[in-house]
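A.B. asks: The hints should help you fit chain L onto chain R, whose structure is shown.
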Amino acid sequence: DVKVTQSSRYLVKRTGEKVFLECVQDMDHENMFWYRQDPGLGLRLIYFSYDVKMKEKGDIPEGYSVSREKKERFSLILESASTNQTSMYLCASLVGQGMNTEAFFGQGTRLTVV
Amino acid sequence: AQKITQTQPGMFVQEKEAVTLDCTYDTSDPSYGLFWYKQPSSGEMIFLIYQGSYDQQNATEGRYSLNFQKARKSANLVISASQLGDSAMYFCAMREAHNDMRFGAGTRLTVKP
Chain R
1 DVKVTQSSRY LVKRTGEKVF LECVQDMDHE NMFWYRQDPG LGLRLIYFSY DVKMKEKGDI
61 PEGYSVSREK KERFSLILES ASTNQTSMYL CASLVGQGMN TEAFFGQGTR LTVV
Chain L
115 AQKITQTQPG MFVQEKEAVT LDCTYDTSDP SYGLFWYKQP SSGEMIFLIY QGSYDQQNAT
175 EGRYSLNFQK ARKSANLVIS ASQLGDSAMY FCAMREAHND MRFGAGTRLT VKP
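Note that the protein sequences, when read in sequence, are chains R and L. For the first sequence, the working numbering begins at 1 and goes up steadily by one. For the second sequence, the working numbering begins at 115 and goes up steadily by one.
Everything labelled a hint here was simulated from the structure, so no lab data went into it. Just so it is clear, CB atoms sit at the ideal spot from N, CA and C, and this is done for glycine as well. Hints are supplied without guarantee of correctness; some may be wrong.
Claimed, not checked - Straight-line distance between alpha carbons at most 20 Å, and here's what the computed DMTMM-like set of lysine to aspartate or glutamate pairs gives:
1. L:K117 / L:E131
2. R:K57 / L:D200
3. R:K53 / R:E17
4. L:K117 / R:D38
Unchecked claim - Interface residues of chain L toward chain R, partial, derived using beta-carbon atoms under 10 Å:
5. Q120
6. D143
7. S145
8. F149
9. G157
10. Y164
11. Y168
12. A185
13. A195
14. L198
15. M203
16. F205
17. C206
18. D214
19. F217
20. G218
One chain only, chain R, in its complex shape (with noise of 0.2 Å):
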């Protein structure tokens, strides 16, 4: 089974921290994605990789940064944290084309900045 994994499941931060949100997956793929899931808001894009050393700005990229040196890890940087980024952060990977794309979901970060 593949799997993707978040570092942690809660997190708990204060206001202007430096705040890393890692994710890695066990299988070669080259897409990965970070979201933040908001109440009434969906899923919202907010950093995708394609590649290593490769990303792409998603919807609400601003405060955030994202780094890809090793194929299966993208992590998420909240440069300095504030209290509106506080939500659930999901990481994908995704595999294929067309009907045979496939995402895996990593289980979520719930990060609070206090």
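C.D. replies: What follows is chain L alone, placed relative to chain R:
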């Protein structure tokens, strides 16, 4: 601009009845795929059904079917014979020819006994 629109924040359905969850999308790409995912209270994302833009027939998977109306850019999910275990959040998603995947705001379905 919002690419995926789910206009029903919440829906109720009686057990054993059918229910339709709406999804409209916006793209100028001729090649795209549409997906539906279920997210129960446990938080996992469960893939339900896929429809490709070039598929001639509507997709079906067991009790799930997708009512694909390409000209109207809609991809509604139909769940037949609802069960209590169908109570969950449902997300519509689209993947265009480039590599990203975007989701709608979701619909919370509650199945009443």
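A.B. asks: Run every hint past the structure and note whether it holds.
C.D. replies: Status of the hints after comparison with the structure:
1. With a C-alpha separation of about 30 Å, the suggested pairing of L:K117 with L:E131 is violated against the 20 Å cut-off.
2. Taking the CA atoms of R:K57 and L:D200, the gap is about 34 Å. The hint is violated against a cut of 20 Å.
3. Simply put, R:K53 and R:E17 have alpha-carbon atoms about 25 Å apart, too far for the 20 Å limit, and the pair is violated.
4. The suggested pairing of L:K117 with R:D38 holds, with an alpha-carbon distance near 17 Å, which does not exceed 20 Å.
5. Hint status for L:Q120 relative to chain R: holds, with the closest Cβ pair at about 7 Å, below 10 Å.
6. Because the beta carbon of L:D143 sits about 13 Å from the nearest beta carbon in chain R, more than 10 Å, this interface hint is broken.
7. Checking L:S145 against chain R by beta carbon gives a least distance of about 8 Å; that is within 10 Å, so the hint holds.
8. About 7 Å separates the beta-carbon of L:F149 from the nearest beta-carbon of chain R, less than 10 Å, and the hint is met.
9. For L:G157, the interface hint holds, since its Cβ comes within 10 Å of a Cβ in chain R; the closest pair sits about 5 Å apart.
10. Taken as an interface hint, L:Y164 checks out: its beta carbon lies about 5 Å from the nearest beta carbon of chain R, inside 10 Å.
11. The beta carbon of L:Y168 is positioned within 10 Å of a beta carbon in chain R (closest approach about 9 Å), and the interface hint is therefore held.
12. The interface hint given for L:A185 is violated, since its Cβ lies 21 Å from the closest Cβ of chain R, which is over the 10 Å cut-off.
13. At a threshold of 10 Å, the smallest CB-CB gap from L:A195 to chain R is about 25 Å, leaving the interface hint violated.
14. With a least beta-carbon distance of about 22 Å to chain R, the hint placing L:L198 at the interface is violated under the 10 Å criterion.
15. Hint on L:M203 holds. Least Cβ distance to chain R is approximately 9 Å, under the 10 Å limit.
16. Interface restraint check: L:F205 against chain R, minimum CB-CB distance 6 Å, threshold 10 Å, status holds.
17. Against a cut-off of 10 Å between C-beta atoms, the interface hint on L:C206 holds, since the closest Cβ of chain R lies about 9 Å away.
18. Because the smallest distance between the Cβ of L:D214 and any Cβ of chain R comes to about 5 Å, under 10 Å, the interface hint for this residue holds.
19. Among the interface hints, the one on L:F217 holds; its C-beta lies about 4 Å from the nearest C-beta in chain R, closer than the 10 Å criterion.
20. Given hint, L:G218 at the interface with chain R, holds; its Cβ is 5 Å from that chain's nearest Cβ, closer than 10 Å.
Figure legend: structure checked against the earlier numbered hints; hints not met, in rising order: 1, 2, 3, 6, 12, 13, 14.
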